[in-house]
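Residue numbering for the sequence shown follows this note's numbering, beginning at 378 and increasing consecutively.
Calculated from the structure, these hints are not laboratory results. It should be emphasised that the depicted structure is a prediction, and the values quoted were computed from it without experimental measurement. Fair warning: there could be bad hints in the mix.
[To be verified] Keeping only pairs whose Cα atoms sit at most 25 Å apart, straight-line, the calculated DSS-like set for lysine-lysine is:
no.: 1; residue 1: Lys809; residue 2: Lys794
no.: 2; residue 1: Lys701; residue 2: Lys634
no.: 3; residue 1: Lys833; residue 2: Lys725
no.: 4; residue 1: Lys765; residue 2: Lys734
no.: 5; residue 1: Lys620; residue 2: Lys700
no.: 6; residue 1: Lys725; residue 2: Lys756
no.: 7; residue 1: Lys765; residue 2: Lys731
no.: 8; residue 1: Lys806; residue 2: Lys794
no.: 9; residue 1: Lys582; residue 2: Lys734
no.: 10; residue 1: Lys662; residue 2: Lys677
no.: 11; residue 1: Lys390; residue 2: Lys674
no.: 12; residue 1: Lys598; residue 2: Lys585
no.: 13; residue 1: Lys765; residue 2: Lys806
no.: 14; residue 1: Lys674; residue 2: Lys598
no.: 15; residue 1: Lys725; residue 2: Lys824
no.: 16; residue 1: Lys582; residue 2: Lys559
no.: 17; residue 1: Lys752; residue 2: Lys794
no.: 18; residue 1: Lys662; residue 2: Lys829
no.: 19; residue 1: Lys687; residue 2: Lys674
no.: 20; residue 1: Lys701; residue 2: Lys687
no.: 21; residue 1: Lys747; residue 2: Lys794
no.: 22; residue 1: Lys662; residue 2: Lys809
no.: 23; residue 1: Lys734; residue 2: Lys752
no.: 24; residue 1: Lys554; residue 2: Lys523
no.: 25; residue 1: Lys731; residue 2: Lys598
no.: 26; residue 1: Lys833; residue 2: Lys721
no.: 27; residue 1: Lys721; residue 2: Lys599
no.: 28; residue 1: Lys824; residue 2: Lys747
no.: 29; residue 1: Lys559; residue 2: Lys523
no.: 30; residue 1: Lys731; residue 2: Lys662
no.: 31; residue 1: Lys390; residue 2: Lys599
no.: 32; residue 1: Lys687; residue 2: Lys599
no.: 33; residue 1: Lys663; residue 2: Lys701
no.: 34; residue 1: Lys634; residue 2: Lys700
no.: 35; residue 1: Lys806; residue 2: Lys634
no.: 36; residue 1: Lys546; residue 2: Lys523
no.: 37; residue 1: Lys620; residue 2: Lys598
no.: 38; residue 1: Lys824; residue 2: Lys809
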Amino acid sequence: MKLDEKHIFQRIKKFETEENIITFNSSYGNLWPIFKMYISRNLQNAPSKIKYRGNAYRTLSAIKTHLSTIKNYKFKKFEKLHVNPNIEEIWFSNHELRYENNNNYNKYLDPFFIELSVQNSIIYEGTLNYSKEYSFPHLKEKSNIKNLTPVFLRYDNISLIKKLFSVYKNEYCNFKKRSFAKTLTEHFPDCELFPLFLEYLYFIKNYKFYTSFFNKHTSLKKVYIVAYYMTSRMAIMAAANNKHIETIDIQHSIISKMHYAYGAWNFIPAGGYNLLPSTIYVFSKKEETLLHEVFQKQHKIKIIENYTHKHWILTKTSKKEIKKNTILISLQNTTIPQSSFLLKALLKINTNRKDIKIVFRIHPRHIYIKDELNKTLNKINLQFSWDKNSEIYDTLSETLINITSFSSVVEDALLFKTPSIIFSEKGIKIFKNEINNNPMVYSALNKIDLLKIINKYI
378 MKLDEKHIFQ RIKKFETEEN IITFNSSYGN LWPIFKMYIS RNLQNAPSKI KYRGNAYRTL
438 SAIKTHLSTI KNYKFKKFEK LHVNPNIEEI WFSNHELRYE NNNNYNKYLD PFFIELSVQN
498 SIIYEGTLNY SKEYSFPHLK EKSNIKNLTP VFLRYDNISL IKKLFSVYKN EYCNFKKRSF
558 AKTLTEHFPD CELFPLFLEY LYFIKNYKFY TSFFNKHTSL KKVYIVAYYM TSRMAIMAAA
618 NNKHIETIDI QHSIISKMHY AYGAWNFIPA GGYNLLPSTI YVFSKKEETL LHEVFQKQHK
678 IKIIENYTHK HWILTKTSKK EIKKNTILIS LQNTTIPQSS FLLKALLKIN TNRKDIKIVF
738 RIHPRHIYIK DELNKTLNKI NLQFSWDKNS EIYDTLSETL INITSFSSVV EDALLFKTPS
798 IIFSEKGIKI FKNEINNNPM VYSALNKIDL LKIINKYI
């Protein structure tokens with residue numbers, strides 16, 4: 378069953394205060410953070426059940442993935458790790474963050490890499506589908522972005538062979554006997570145990586790989602990452618922290634107590650912090666104050682400039698004043714029902730102001746809502762367009778007003794002195810401070826209030 382964040386946080390806090398989280402201790406650190414992240418996502422998204430798959434099925438599936446990758450890389454790319462002994466910093470990212478914008482630019486990482494990295498730095502990304510290697514002119518190495526997937530899969534060949542001669546079901550049975558597994562089943566019966574077991578295995582596999590990886594990088598001093606809170610990335614954090622390598626998470630979106638990865642961490646034992654970044658880079662005093670409270674001062678919080686915005690200002694092609702004639706609807710992971718007061722208000726704008734464009738922007742991670750929403754918008758005959766800009770700043774430079782449920786575009790819009798209207802109760806909770814203290818951030822929960830605010834700006 379899908380729950381709202383408030384109820385999820387209450388359940389997790391109750392669990393953390395009533396149970397002995399020390400039972401999650403392991404040689405890798407306290408494992409509660411990986412289960413906490415999975416449970417939070419699971420209860421928010423109400424995913425479909427994952428069926429138990431036997432060892433043979435999962436092994437064959439893994440072999441199929443390997444063969445597909447070998448084919449993509451035409452064998453020559455399926456190689457061992459070539460270590461530069463002088464590397465001092467490794468920046469980890471995901472390939473889809475680059476493709477969200479264009480093939481050559483990752484706005485969440487590249488501007489920060491350009492501004493902050495030392496000369497002996499490298500970016501590792503992971504994907505099955507491309508083998509391009511990009512370069513940054515300020516560094517000595519010719520290829521500064523490399524693909525980690527072939528290295529990881531070559532390493533995983535060993536575990537594949539082991540799986541062929543092991544009984545996967547027995548591993549699951551042993552997991553179920555662990556005291557923390559029984560506790561999880563008791564407190565979170567709506568989160569099936571088998572997917573939690575898979576997260577556990579996935580973490581261990583990644584932890585062992587990255588421990589081996591960092592063992593070969595003896596001069597490494599810092600590891601950077603964007604969005605630390607996925608299981609594989611927490612394995613990176615744990616492996617690096619155990620090697621006394623500084624681990625740094627870079628702010629990429631809004632940070633609030635409503636975000637499951639930046640909510641309260643004050644109930645876990647010290648060992649649990651080992652799976653979290655030792656340093657977090659944020660864009661303002663607001664985030665710094667919040668995270669010092671959230672993480673009980675167990676981590677360093679450092680304020681840096683939003684280099685993505687700086688990079689856009691320096692590289693944008695047009696310096697001319699752009700006419701602002703757009704109402705931007707910044708979307709999240711849910712579609713908008715036909716009965717929504719937002720759509721009724723937009724239809725009113727269509728009728729009264731033919732000169733105003735209505736533009737919908739899909740969240741790059743949730744493009745799956747586009748087809749359904751497109752049908753809804755066409756059914757009510759709303760005149761609109763989809764945002765085709767890869768960079769949100771290009772869109773905001775043309776935007777009169779931003780309307781959203783709870784998107785972090787609110788923060789981006791403030792950089793352009795563009796007002797935002799929050800039209801959901803969830804968003805009002807997230808942006809409570811901004812709504813109360815910033816005259817450019819509004820809330821509206823009905824058509825009349827929404828139109829009243831819009832009409833101030835168009």
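### Task
Against the structure, test the hints numbered earlier, and report the numbers of the ones violated in rising order.
2, 5, 9, 13, 17, 18, 19, 21, 24, 25, 27, 29, 30, 31, 33, 34, 36
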